[in-house]
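Participant: Residue numbers (the numbering used here), protein chains in the order written: chain V, 1 to 209; chain G, 1001 to 1174.
Just so you know, these hints were derived from the structure itself, not from any lab.
As the structure is a computational prediction, the values presented were derived from the model and not from experiment.
Note that the Cβ used here is the ideal one computed from N, Cα and C, for glycine as well.
Errors might be hidden in some of the hints.
Unchecked claim - Here are the simulated DMTMM-like pairs of lysine to aspartate or glutamate, each with C-alpha atoms no more than 25 Å apart in a straight line:
(1) V/Lys26 x G/Glu1039
(2) G/Lys1158 x V/Asp15
(3) V/Lys26 x V/Glu147
(4) V/Lys26 x V/Glu141
(5) V/Lys71 x V/Asp45
(6) V/Lys26 x G/Glu1055
(7) V/Lys71 x G/Glu1039
(8) V/Lys26 x V/Asp45
(9) G/Lys1158 x G/Asp1109
(10) V/Lys26 x V/Asp15
(11) V/Lys71 x G/Glu1055
(12) G/Lys1158 x V/Glu141
(13) G/Lys1158 x G/Asp1097
(14) G/Lys1158 x V/Glu147
Unchecked claim - Restraint-style ranges between C-beta atoms, simulated for each label pair:
(15) V/Phe132 x G/Arg1092: 33 to 39 Å
(16) V/Ser23 x G/Ala1018: 15 to 21 Å
(17) G/Ser1014 x V/Phe157: 39 to 45 Å
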Amino acid sequence: MSPNSRLSCRYCGQDHRIVGLQSGEKAHCVRCGTVLAQRSRLGPDTALVFSITGLVLALPAAFLTFVSAGKLGAVRISLLFTGVGSLWDGGMRSLAVLVFLCGWLIPFTLLCVLATAGCRSRLSIAIDPAGFLSRSSRVLEHWAIPEVQVLAVLVAFMKLGSVVNVTIGPGFWCYCAMAVSLLIAQHSFDLDTLAACTRATGAGSARPS
Amino acid sequence: MKRIFSSFRFQSRSTASALGLAAAIMLIPANLLPVLSTESSGSNTSNTIVSGVIELWRQGLWALALIVFTASVVIPVLKVLGLSWLLLNARRGVPRDPQRLTRIYAALDFIGRWSMLDVFLAAFLAGLVRFGEFSTVTPRSGIVAFAAVVVLTMLATKAFDPRVFWQPLDVSQQ
């Protein structure tokens, strides 16, 4: 069996031959039951479409007004990176870097990786499950957490409700849409890996459900 | 073959143990030091994670208090305890139920990211609420310790390789 025709379970190390999945199907590890891959109901180009959408939205999310807050006539406009800047100026530079990385740079890089993988799949270029794209995607997905930042902003809105007048800006909506696009693209990525490998090898043995 | 496996298991375990221990130590300053201070109309109040949750509860924002308590107190503690449990099981030769341990690991891996909520919240409030003497929010040193806990627990989970639970079975099959 060539390395390209195998998929190892990342939790138990069990090797599997690659199978072609139907729409909405998942492939489970035969030993530990972990979901190895799933085929999106939305079609084979889902990862590509949503990763490009996310990339397009990432720029306005970063540079348009995120929220504005007013108190006693004074209005303060905040962008996505205003908080990062405040932490940096306040001497908490490591924290500023962490927020910048997890909130924008890593999600943006992950979207680039997913878009590249989607393009390769579209062009019928095989993607090695143990190759650079798959590995970098697995590393980045742990640290790309824009959905947590969205929740944090929503919590802040509720908390600030009685203290200042908060108005949501277009940057926040773009950021929310980017986070959703990233989640959908991430969930569709394994499909592309499998689809590409299936085309390359045409073998099958993971347990579909 | 056995030597390779035991060396691999030791590296995975020792790195995860060191990171998990560091996270457990950092939990102390993260919970004792103030994470945010609010200056409003001349009065200055500093809140730790727990006192912030209590304040939200007193204001009647129960759902919010519950979300912050879960993300900032329950999940980090659960991750440290869960990781310790997995490490103890990995020390055994052949674990009794590797499938259950693998599921626990996958759950810990998934929930870890939600602890970043308080870090993002502090960064957002620090950037937005800056109205001079009327109202200003400033992050305090506790949030740095808390961010360290989150990063260390995420690194510890990443360093721990759940395949150690299955390798004794692989070796016995060979």
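Participant: Could you work out which earlier hints the structure fails to respect and list their numbers in ascending sequence?
Facilitator: 1, 5, 6 and 16
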